[in-house]
Amino acid sequence: MSESLITHSPAYVPALFRRSLADALEMAHGVDAVAAEERAAALAKRSLKKESKVWGLKLAISMMDLTTLEGKDTPGKVHALCQKAMRPDPSDPTLPHVGAVCVYPTMVPFVRQALKGSGVHIASVATGFPSGQTFTSIKVQETRETVAAGADEIDMVIDRGAFLSGNYQKVFDEIAEIKEACGPAHLKVILETGELANYDQVRRASLIAMFAGADFIKTSTGKVTVNATLPVTLVMLEAIRDFLHTTGKKIGMKPAGGIATAKLALSYLVMLYETLGGEWMTPDLFRFGASSLLNDVLMQLRKERTGAYQSGDYFTID
Amino acid sequence: MTTSEIETRERLTPGPASSAIVWEYSPSLESTDHVKIAPRYNLFIGGKFVEPHSKKWFPTINPATEERLSEVAEADAVDVDRAVAEARRAYDKVWRKIAPSERAKYIFRIARLIQEKSRALAVAETLDGGKPIKESRDIDIPLAAAHFFYYAGWADKLEYAFPNRNVASIGVAGQIIPWNFPLLMAAWKLAPALAAGNTIVLKPAETTPLTALMLAEIIQEAELPPGVVNIITGAGATGAALVAHEDVDKIAFTGSTEVGKRIQRSISGTKKKLTLELGGKAPNIVFDDAPLDQAVEGIINGIYFNQGHVCCAGSRLFVQESVVEPIIRKLRERVQTLRVGNPLDKNTDVGAINSREQLERIRELVESGVEEGAEIFQSSCALPARGFWFAPTFFTGVAQSYRIATEEIFGPVLSVLTFRTPEEAIEKANNTPYGLSAGVWTEKGSRILKMTQKLRAGVVWANTYNKFDPASPFGGFKESGFGREGGLHGLAPYVVLS
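Line by line, the protein sequences are chains Z and A.
In terms of our numbering, the first sequence opens at residue 1 and continues consecutively.
In terms of our numbering, the second sequence opens at residue 1001 and continues consecutively.
One or more hints might be untrue.
[To be verified] Straight line, CA to CA, 27 Å or less: simulated BS3-like cross-link-like pairs of lysine-lysine: (1) Z:LYS303 <-> A:LYS1346; (2) A:LYS1428 <-> A:LYS1478; (3) A:LYS1097 <-> A:LYS1048; (4) A:LYS1157 <-> Z:LYS263; (5) A:LYS1454 <-> A:LYS1467; (6) Z:LYS50 <-> A:LYS1346; (7) A:LYS1467 <-> Z:LYS45; (8) A:LYS1097 <-> A:LYS1036; (9) A:LYS1478 <-> A:LYS1271; (10) Z:LYS45 <-> A:LYS1117; (11) A:LYS1454 <-> Z:LYS49.
[Unchecked claim] Cβ-Cβ distance ranges computed for the label pairs, FRET-style: (12) A:LEU1383 <-> Z:THR261: 53 to 61 Å; (13) A:ARG1332 <-> Z:TYR314: 29 to 37 Å; (14) A:ARG1363 <-> Z:PRO90: 55 to 63 Å.
[What the hints assert, rightly or not] Chain A regions said to be covered by chain Z (calculated; three or more residues, Cβ under 8 Å): (15) 1068-1080; (16) 1201-1207; (17) 1287-1294.
Read the hints as simulated data drawn from the structure, not as lab findings.
Being a predicted model, the structure only gives us computed values, none of them experimental.
Here a beta-carbon is modelled for each residue, glycine too, at the ideal position from N, C-alpha and C.
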């Protein structure tokens, strides 16, 4: 691009997060499924003990997007969840609060009220969650209203129909538009990897999302059969690493759905640590989308503290 | 929204974004108290442990700490003679005569006992050889059991292995194995020989005799007829005496090309059959359409698996010039994450170098690489003060003529070379006296097929590396040896066909 063009048309000034679809596709080389799964399995064999385990589990709490995404959600349910988010285990004041509470848009005002001043972020799914099968104009409108209602973070879904039919431009443009609608709110882009069929597609979708302006890329809605897996997360983390190298911009990662045990959460953190390094070990750059993970983590932490496992009855549901 | 807005958003954690966290994994040590290592081991001859004629024993140490683990007998020519005589007697009186299905039962029994004692065997392997416990636990020991299981199945089906031929056993086999995969190499040698009806005198390497001696105890427990397997310990002289013994019908050797050539010379003109599995300098070839992150994993596994003490290690990396930059960058980052240290720690990726002697050889070759002008990159990992250690290393800017590109280093040292076309890659890959293995990384299936046809190597891995299976034959071209181990092919060196 020549200097004169930039002077005459400021719109051409490339912002770091606004690259073209071509940039994304250029980096979308293949992924070998067997080898990627092998690497993920090897990382899952790391053995975390004692201090390193406690440290990892406390970090995991601070990275949790405590989630309820049900048709039957009510202000009461959401209020209870928010109390748990702020004080995960009242018997242990050393524990951090969770990263965010994640709800449907209509619940955002109640969450906002409940979490006031706590530092816990408010995340909300928008854009025709979970299928994404609605008009772009409605998605944009939904995003604007959700942010206006008080959401700090928007979890959008990509248009898988467009992606699978090869209309990558539509996917890219829609993400860019939603990003703009987010204003100051963070944008997490859900790829719904369980519907993308293979790792090549996961990598391609990750790159499209990042080049289109995602702050986070996220595996799943939790509403389909296959949700977050370790190999899928590995492929996405590697795409984040390549994106960092190309653009200098750090993108966050959020595996979601099916992460129910402390052990599995630690495996994700090990994978994060050994792929992207210590700089990513922060809730600013990594989140767990989970509803039942928190209590298992609390159970493990109390076991490390007291030396004995305690019954589920000692941990509140929300 | 502008970039600056992104950077100034509210942060959940205090402190600057670049404050990288170090997550120290607490030690996760495999316990050793369940492993019984005797203070002294004698020779296993005729089904019993007997004192050596030499009345000499030599220590075996833990290379990670230099602490003495035990001492083992030094077999001299008289001991070799006793062992061969017992093997001959067992062959004539028992093993050649019993029903093949009975042979199978014994081999199955050994396989099961290895599985039962796998935890102790894994710890002993790691203590004696320095390899990470995760490798001895997940690879060495399970594969050793798998080899016995596999060949047990062949014992009563030899006529189907070689249709329309008469299959007979050979007699007494002398087998000499290396120190890099002690129990696994014993399994590779013993299982097909036993299945085909031969008796054996096996000599493990002098630095790693313990698991072979524990295998001798397993063989006792399995009640294998006395003398069918004899295990004698010692250094080069013991091996030479075994090779030279006139009543040995077959020699199988795995080790260095230098010793392999010496063996071949010494038995020329005799009736002895020979198989050799020798050194390598394997090319690992990465094309620009390869799945790059997985290729990097394959490169790492290819050269740093078992500290590079692997005859088929991918020690020459050929990268297509258009992807040199990302591959080297990713390789550098990945090498840095390798966890080097206590082999008993379940999180250790790279353990100790097997012996002081081997460490000296690695150092000498690495120095030659620096002197010849290659650029060195080494992991900045901390190395323990005691024991034999070498940080994972790779060289860039390596010319085909450098010693580090031609000689087998047998350590965690990789030489990176580049190429422009597939033809150039093949030409350079084959430009070596060795021909044991090779790796090809590309998403293009037709290219894989073309490469496998043109690479002069016994094993070619495509989009993976260092994969082993008892059903798959393994062996070399050129100075990497001859004869195959594993699979149907692995039976052939232990039978006489008519």
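Now for the hints, and whether the structure bears them out:
Between LYS303 (chain Z) and LYS1346 (chain A) the alpha-carbon distance is near 22 Å, which keeps this suggested pair within the 27 Å criterion. Proposed proximity of LYS1428 (chain A) and LYS1478 (chain A) is supported: the alpha carbons are some 16 Å apart, at most 27 Å. A hinted pair counts as satisfied when its Cα atoms are at most 27 Å apart, and LYS1097 (chain A) with LYS1048 (chain A) qualifies at roughly 22 Å. At roughly 46 Å between alpha-carbon atoms, LYS1157 (chain A) and LYS263 (chain Z) are farther apart than 27 Å, so this suggested pair is violated.
Proximity of LYS1454 (chain A) to LYS1467 (chain A) is assessed by CA-CA distance (about 21 Å); at most 27 Å being required, the pair is judged to hold. In summary, the hint linking LYS50 (chain Z) to LYS1346 (chain A) is supported, as the alpha carbons are separated by about 14 Å, within the 27 Å threshold. At most 27 Å may separate the alpha-carbon atoms for a hinted pair to count; LYS1467 (chain A) and LYS45 (chain Z) meet this at roughly 19 Å. Among the hinted pairs, LYS1097 (chain A) with LYS1036 (chain A) is inconsistent with the structure: their alpha-carbon atoms are about 36 Å apart, more than 27 Å.
Between LYS1478 (chain A) and LYS1271 (chain A), the direct Cα distance comes to roughly 22 Å. Compliance with the 27 Å bound is thereby established for this hinted pair. As the CA atoms of LYS45 (chain Z) and LYS1117 (chain A) are separated by approximately 21 Å, the hinted pair is consistent with the 27 Å bound. Between LYS1454 (chain A) and LYS49 (chain Z), the direct Cα distance comes to roughly 49 Å. Violation of the 27 Å bound is thereby established for this hinted pair. Range check, LEU1383 (chain A) to THR261 (chain Z): about 36 Å between beta-carbon atoms, so the 53 to 61 Å window is missed.
Between ARG1332 (chain A) and TYR314 (chain Z) the C-beta distance comes to about 48 Å, which lies outside the given range of 29 to 37 Å. The given range of 55 to 63 Å is respected by ARG1363 (chain A) and PRO90 (chain Z), whose C-beta atoms sit roughly 59 Å from each other. Residue count for the stretch 1068-1080 of chain A with a Cβ under 8 Å from a Cβ of chain Z: 0. That is fewer than the three needed, and the coverage hint is violated. With a cut-off of 8 Å between beta carbons, the stretch 1201-1207 of chain A has 0 residues touching chain Z; three or more are needed, and the interface restraint is violated.
Judged by the Cβ-Cβ criterion of 8 Å, the stretch 1287-1294 of chain A is covered by chain Z as claimed, because 6 of its residues qualify and three suffice.
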